[in-house]
Structures are given as structure tokens and as C-alpha cells.
Amino acid sequence: MSVMSRFSADPAAIQLDGVHLTLEGPAGPVNILKGVDLSVAQGAAVGIVGPSGSGKTTLLMLIAGLERVSRGNVRIAGTDYAKLNEDGLALFRRDHIGIVFQSFHLIPTMTALENVAVPLEFAGRSDAFDRAEAQLRAVGLGHRITHYPGQLSGGEQQRVALARAFAAEPKILLADEPTGNLDGATGHQIIELLFDLHKRSNTTLVLITHDMGLAARCDRTVHIADGLIARDSLSSAAE
Amino acid sequence: MFTIARRIAFRELRGGLRGFRIFLACLALGVAAIGGAASLNESVKAGIASNAQPLLGGDLQARLSHRTANEEELSAMRRAGSVSYQLQLRSMARSAAEDGGRSLIELKAVDGAYPLYGVTEVEPAMPLADVLAVKDGVPGAAIDPSLLARLKIQIGDQIKIGEGTFQARAVITKEPDRLVAPTMSGPRVLIATTALPATELVQQGSLLQHIYNIRTEGRETADQLRERLTRDFPDAAWRLRGLNQAAQGIESFLDNVTLFLTLVGMTALLTGGIGVANAVSTYLAARMNTIATLKCLGAPARMIFMIYAIQIAALASIGIAIGLVIAAVVPPLALPFLAELLPVGGEIGIYPVALARAAVFGVLTAAVFALWPLAKARDIPPVALFRQALAGGGRPPLRYLVLLAILGAGLAGFAIATAENVKFAAQFVAGAAVALVLFRIAAVGVMRLAASLARGRGGFAAGKPTLRLALANLHRPGSPTTAVVLSLGLGLSVLVAIALLETNLDARITNGMPADAPSMFFIDIQPQQTEDFTSLVEQVPGVRKVTTASMIRGRITKINGVKAEDANIDPDVRWAIRGERGLSQSADPPENARIVDGTWWGPELGDEHLVSMDSVVAKGMGLKLGQTISVDVLGVEITAVIANLRDIRWQSGAMNFTLIFSPNAMAGAPQMYIATVNSDTGSEDRIEQAVMASMPNVTVIQVREALELLRNVLGSLSIAVRITASVALVAGALVLAGAIAAGHSRRIYEAVVLKVLGATRRDVTRAFLFEYGLLGLATGVIAAGVGTIAAWAIVTKIMRLEWTFDGLLTLEVIVACVVVTLLAGFSGTWRALGAKAAPLLRNE
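In order, the protein sequence lines correspond to chains C and D. Under this note's numbering, the final residue of the first sequence carries the number 623; numbering is consecutive throughout. Under this note's numbering, the final residue of the second sequence carries the number 1505; numbering is consecutive throughout.
Hints were generated in silico from the structure; no laboratory data involved. It cannot be assumed that every hint is accurate.
[What the hints assert, rightly or not] With a straight-line Cα cutoff of 27 Å, these simulated DSS-like cross-link-like pairs (lysine-lysine) come out: (1) D:Lys1497 <-> C:Lys467; (2) D:Lys1125 <-> D:Lys1458; (3) D:Lys1125 <-> C:Lys555; (4) C:Lys418 <-> D:Lys1497; (5) D:Lys1224 <-> D:Lys1280; (6) D:Lys1219 <-> D:Lys1285; (7) C:Lys555 <-> D:Lys1497.
Please take these sequences and the hints and turn them into a complete structure.
Here it is as C-alpha cells:
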């Protein structure tokens, strides 16, 4: 049985076919991804692991539409990225994708509430602030909504980032080492929150991590090495 | 400690001068403006000094305004060396041809010895004596080139001056003792003194200048000669001028121009100072980790201050040096453009005093504006390495604030102490301080407003994340709002004030003349011509009214018995005691007189001489009814009692005199008449033709032409003033560019995060459009407000004129400010729109 079929009969949430990415470096072209095929079903959680420089983050950037493939095809939630221009990709992200970064990437001049409300406002939602507040309460930050990122701890900032990523109820959530900048206990809280939100909203989760234990909590673990998928296995949690 | 600090400082500077271009440009611009203006002044003054003899026309000059020197005086002058005589007056020249033109001229009759120094150059080239000689019974004249067109003549044609006929034999290309450009006065005509009687222009009471130039020939110096002439002829009432006064008018004009340029330079430096503070803050903010690391490694706060003070001092020295190099080359570059305006060329050279002064300004400005961020950097805690939010706030320690106050006072004091006009410089410093405070308050106001608009759900920016981001960027810590409002606002408000001043002056010239103002003035009418003149002019169709008045030249000598030069006189009315003025006498009050105190004299006058006086001048001299004023008319002192005070509206354009005497006071004094004519538009040429045909000695001034000339002079002056004032605006633009460049990486980051969250390029563009549009709008509105208030104060309080507000101009300035800010913002933002997200978002 394919790793995909157990979750959904719908088209794959993420479909990568023969994806190559070559970037121009100072010392000449660098082949970062060398032919990746990946298919992830709606609602699945996939952990992506691999050594530094193996191409994990690049893969996430391609799925997010923040980087263009050199060769191959990327189809997310049934949409072929090759047919979208830069603005089309932005609108697609707005409607379908949430991203959590290791470095949070909050807008420093906006309060926690405003940061969470931004994607909802872009989507023209009239209840942007109400939803944003509810989302902040859901991540346990109801008392911090008027605080600026500079006034929050790292863990709190990452919870704001999580609230922002989930606020627009995306089909796909991409998380790039979300606990990399946090201490163990805080990181644990964030991960619990991440999986809890994923489960409750049936979001497809792609989680990049160095932590094999964390990857094992996902339905699948994809090992990347030297720009290729070296191994793709069902996690014990999914079996 | 200093050695280590210096070593670390220079080690850190290895990174190059990137990020300091605006810092260097701001300092260089201000120093170049101040040093350049002063160098140019010294260069022109040196040029004047080395040409003083030809400019004066001799080593000593004696001027008499109502008589020629007598034999005794002449021989006293001749004992020192050669003497050259010339006579100057205003008159009319007209073509001898029927259909020729007419023009007001400055006539100069010279003797055979002229010029004692220098050469008069004419085209076609020939000796001056040949030009002026009588040929075929007609004397020659050398004329200003502009007269060829005005009189519709060619070289060789005949012209008429008064009753005399002359042949225009050459045009003047260089007149050695001409101080002012012909465009600023009237075109020159040179004739021989021997040809003057034929003109019949020299009459008792005519406005004449008899000038005697003396070339000393070793027997005594000019100073000794001056002393001897003053001692031997105490009552001669001549004005003796030496070489140091050769170009007195030009020199004081030059000092005023230099003062203006220095003030513009200081505004530029002040504006640039904000750029300096900004650049230093940005640089030190980027060094926060280094500073925290150095502190972790054991560097005390003092050493941190020293390290960065050394770096800033080194960079400031480079900026000042660049400014000085530019200042040094200003004279050779600017002099060719001034050649038309100046009597002599400047002396090209390096003027160390001018440059040193500019350097001191640069050093003090850099110190004042860099101290605050430097002192703040000193207190960055080592923990900033771990918690950046903790760093960068608060005030520097008290001792740095005291030092800042001392340096600020030093800068102000130096500006005042080194200015030619101390009072004006002090006013400028006070005005600049007030303006800086005003702009600071305005900037805080803009930031607070932005904060309150950005805040909260359901607020102004709710549902508009791009607008909220723009508003947040206007009030966030480290936002460019303060720097831009202060610097661009300061430069722009100077420009607004100047433009509104011009508009007001222009409006006064254009609309200031009431409908009943005269259209023509006539001077030098002989007493016996007045009746004929009136009846002649009244017959010309279109003439509505002819008014004549007698005019006597006289000089105020005593104010209520106190010598005029010793009297306590308000500077605003000091003009009244400078030189000779036109006085009048009349049995009846003038038609337009508004007597505010006292009464006009009746027909029966006793022995007492009475005078009617301008109430403003009387107040400025501290005079009241019943007190006396004395005037010197042709060497005779006449003292009169003030009988009444008149409120004179000089702007009315009607004939007015500061002093009108009772007829008994001026009995026997030689007088001329002047006249004003009110006529329909278009009749001026007919009137002028009629008068010139039968009274060629009378000089005509058409108000419309005079106003046109005045407007032209003002027009070219205002272009020069605007160009110079824009130096301050350039400094403002530099600061704007610096402030925007400092936020470049922030903008790229924001653009990327917004795109990740689903913003299109249009959304991102809109966010920046809002940010810079709002910043430009706020700055423009504030600058327009401050500039308007300044112009209003100058027009109504100093010039005491009616105020005209030009809403369109103000709107234009605001729009221009928005456009400039948007352009500056977008030039740095365009790249942010296309920035690739992935490299920024990868984990560090």
C-alpha cells in the first residue's frame, strides 16, 4: 500500500514530480535538489529530516511557492505552481498555506494581535481581529495581544507565529524547525500546540526538524540527503 | 586607553566608508557652502583692493553735490598731484531722428585727464579723447551698448541730451570706475566737460555730483592729503573718499550677500547635522553586537565611547576636508558667473581664514550632532547580545547632556561672533533654535497621530494592513519621521518663506499701486517752466491730473539741537540722515496730507521757520511738536520748529516729502520742481513726447517702466536667492535619502514577510506608498505652515506691508514634498519589491 492512500482518496495535497533546483553560487551553479518526487495526502503529517545543507529548507520553500523549480513540477492542493506568477503564488499562500519559521519572522512594528490579523486582513475577512484574538487565546496568549514582538519571549513569539499560521485555516502548514530557537521545555509546548492544531483542523503538516523523535510523531518521515529523498517511511505513530 | 581605543577604532574602520556617504555629504555640503561663500567674498574684496585706484578713479576723491570746487580748493588738491574733474547727473537722451527712441541715462562729463587710473575701453577701439572730441562741429559721446536699441540708433548717428547734440561715436566696453552694472542703474553716456554747457542741464538746484579725483605724486600720501584738506577746508561740505572706500557700496552689498550665503550654509549644516546624527545612530545600531561583545570582553564604557568617537572624528575630518576642497575651488568656478555684476574680477587664491572658519563650523556641528548617539552607545549593556529589545533606549548620562549644551552654545556663539552682522546672526541662531524645537514637536505630533491611527481594531487602519504597516513605520522606534520632518522640513520651510516673500513683494509691485497713483514722474523742471509744464501736459489727451511741487536738496544736520550723527535714532529711520534728501516747501498742505498731530501754518508767517514732518521719522528721532530740526541747504543751515506731523503712506505712489517747510524758511534757496501726472494707460508716450519736444532738460520717469525694471531686478535676484536657498533643501534631501537608505534592509524584510503572508506586489507597493506619502504630506504641511508663519512675520512685522497668502504656492510645495519623498522612498524600495524571499527566511 502506498504511503499516501491510507489518508485520502482526493488528489494529493502536495505533489512534487522530478523536482530539481539549481542556484547560482559564487563558485558556479549548485545543484540543491536533484530530482525529488514527493506526494503527501490531505491531513497527513510529514517530518522531513536530514543533515544540514541536504536541501530540507529548499524543499519547504518550493512547496510554499517562495522559490521556483529549475526543472520538474510542483502541484499543491491541485494547483500547478508553474501556472502562477509571483502575485498568484502570494494569493495562493494567503488562501491555502501557513508557515512557521525558526526565527518567527513577526513584523516588529505590529502587536501580537495585529501580526495574527494580517493574513486575514489580506484575505478581506471582516472578522480578522476577532479570529486573530481567538487564535491567540487558543495558543494561550490571550493576555499578550497588545504586546509587540520585542516585548515577548522567544516561546511567546513562536506561539504568535503559530497563531498567525493557523488563523486563516490553511490546508497546508509548513514548519521549518519551529523549536530551533527555543529551550527544551518551551519547544515541547510549541510542538504539542502544533500537533494539536494540526489534528483539530485536519491540516496537512510538513515539519522540518533535526530531531528524529519529533519526526517520529508525524505520520511519515522523509529523509533527505544530498538533494534526494534517501528514505521515505511510515512512522511508528502512523502504523 | 587611548592607544588601545585608537587601534580598535581603526581596525573596525577597515570595513570602509559604506553607510557613511550621507554623513560625509552632509558635512561636506555645509562646510563647502560656508567656506565657499567666505572665500568668494574675500576673493572679490582682494580683487577690489588691488583695483582700488581705477575703481575710485584716483588715490583720493572729493565729491560735492551742489557746487564746483573753488580755486583755493582746487589748488590745494593740485598741490598733491594730478586732478581729474567729472560731473554726473541723470538725464534723458533721445535720438536726433524724428522716429527715434528716448531713454533715461546716467550722464558723465569728464575732463581730458580722465581716467587717472585704468583705461576706458570702447568699440570701435580708439582713444577716449578721440571719441569725445568735436568733429565737424559736433562733440562725440561714448554710450552704453544697450542705448543702441533703446534709441534706435547706430554708431555714428546723432543723439540729443538736453539742448545739446552729440554723435554716438562708440560703445563703452569697459569703464574703469564703474561700480554697478548698467542693468542695476541706468545706461551710461560719456561726454566731455567742454561739451556740457550746450546741454543746459546744469542749473541751480539740479541733481548733480561734482567729482574730483586726485592722483598723489609722492609729495604726500592720500591720508596726509585727506587730513590737510579736512583741516584747511572745514566747511567745504565735501565727501572725501580714500582707497579703502573705493567700492564701499559694493563691499557692503558683498557682505550682505555673504551673510545670506553663510546663513544658507549654516541652515544646510544644521540640516546636515541631523543627517550626521542619523548616520551615527544607524552605524552604532548596526554595531550593537560588537559593542556588547567588547563589553563582555572587558572594555569599559569610556573606552567604547572613545573607540567610536575616534571613528566619527576621523570620518568627520574626511567630510570637512572634502568640504574645504570644494570651498577652495568656489571662487574660480563662481567668478565667471558674477563677472556681469561685479566691477572687477576676484583674485583667485586660497583664503585660509575663510576656510578655517568653515572647518570650525564643521567640527562643532559634527560634535554636537554625533554626541547624543555616541553617549547612548556607551551605555549598551553586554546583555544586548542576548536580548536586543533591552538596548538602545533611554537618555545618555547627565555629563554628556551638559557637554552637549556647551557644544551647542559654542556653535551658536561661534556663528554669532564671526558674523559681520552680529544682530542678524543672533536672530538667525534664535530662529533656527525655535524652528528646530517646532519641527521636533511637530515630528512627535506626527508620530503620536500615526500611533493612534494605527492602533486597535475597528480603528482607522482596521482591515487595511498595508496602511497600518505604513502608520506603524512612522511611529516605531528608529523611524525616519523625526529626521525627515526636521531636515527636509527645515530646508523646505526656508524655501516656502522665500517664495512667499517674493510673492508678496511682487504683489505689492503689481497691485500695490492704488488706482489713483500717478503714472509718470518728472524731475528737474526749472521754476520758470512750471506753469508752461502744467498747461502743456494738461492739454495732452488722457491726462487727468498734474501736480507739481518744489524740491530743494538738503541734509539733516541737527535733531532738536543735537548733531545728527550723535543723536539717538531708531535704525529703521536712520536713512533720513544719510546724505542729501529732497525737501519741499509749501504754503498749503499737500492734497493727500493726513495731519495726525498739530496744525498746518496759515498764510501769515512770522519770523519763525516751521516744518511739517513724517510722523514715523519724527517718532524714530524722538521728536515732538515744538521741537526743532536743522537742515543744510547749499551750506546754509536752516532750523525750523515742527508745526505738525503727517501720516505718510509711501505705498500710495503719490508725491510725498519727509520734510515740508513753510515758504519763509526756504526763501531764496535755489529750487527745482518735480511733477506727477495721473493719466490714462497708453497716454504716457504722448506725454513724454510733448514734454521732451519743448523742455529737453526735464527728466521723465514712467512708473510702469520703473516698476518693470524693479520687477526684473527682483526677478533675477529671486532666482539667485532660490538657487542658493536650495542648498539647504539639498541638505534636507540628503538626510531624507540617508534616513530612507538606513531603513533599506527593514523594508526588504517587511516586503518578504508580507509576501509570505499572502501580500501581492501591489499590496507591498501600497504599504510603501502610504508610508512615504504620509511622511511627505506631514513634512510638507508642517514646512508650509512654518514657512508661511515666517514669511508673514517678515512681511507684516519687519517690512510692514500688507500680507497676501498664496494658497496655490503652498499647495505646490506640499505636493512637491510628497513627490520628492515618494521618489526617494521608491528609489530605495523598488528592489525590495523584487527581493527573493528564500534567502532571508532561511535559518541563520
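Status of the hints after comparison with the structure:
1. D:Lys1497 <-> C:Lys467: Holds, at roughly 19 Å.
2. D:Lys1125 <-> D:Lys1458: violated, 47 Å
3. D:Lys1125 <-> C:Lys555: holds, 24 Å
4. C:Lys418 <-> D:Lys1497: Distance of about 21 Å is within 27 Å: holds.
5. D:Lys1224 <-> D:Lys1280: holds, 17 Å
6. D:Lys1219 <-> D:Lys1285: Holds, at about 14 Å.
7. C:Lys555 <-> D:Lys1497: holds, 24 Å
Hint check: a violation occurs at hint 2 only; the rest are consistent with the structure.
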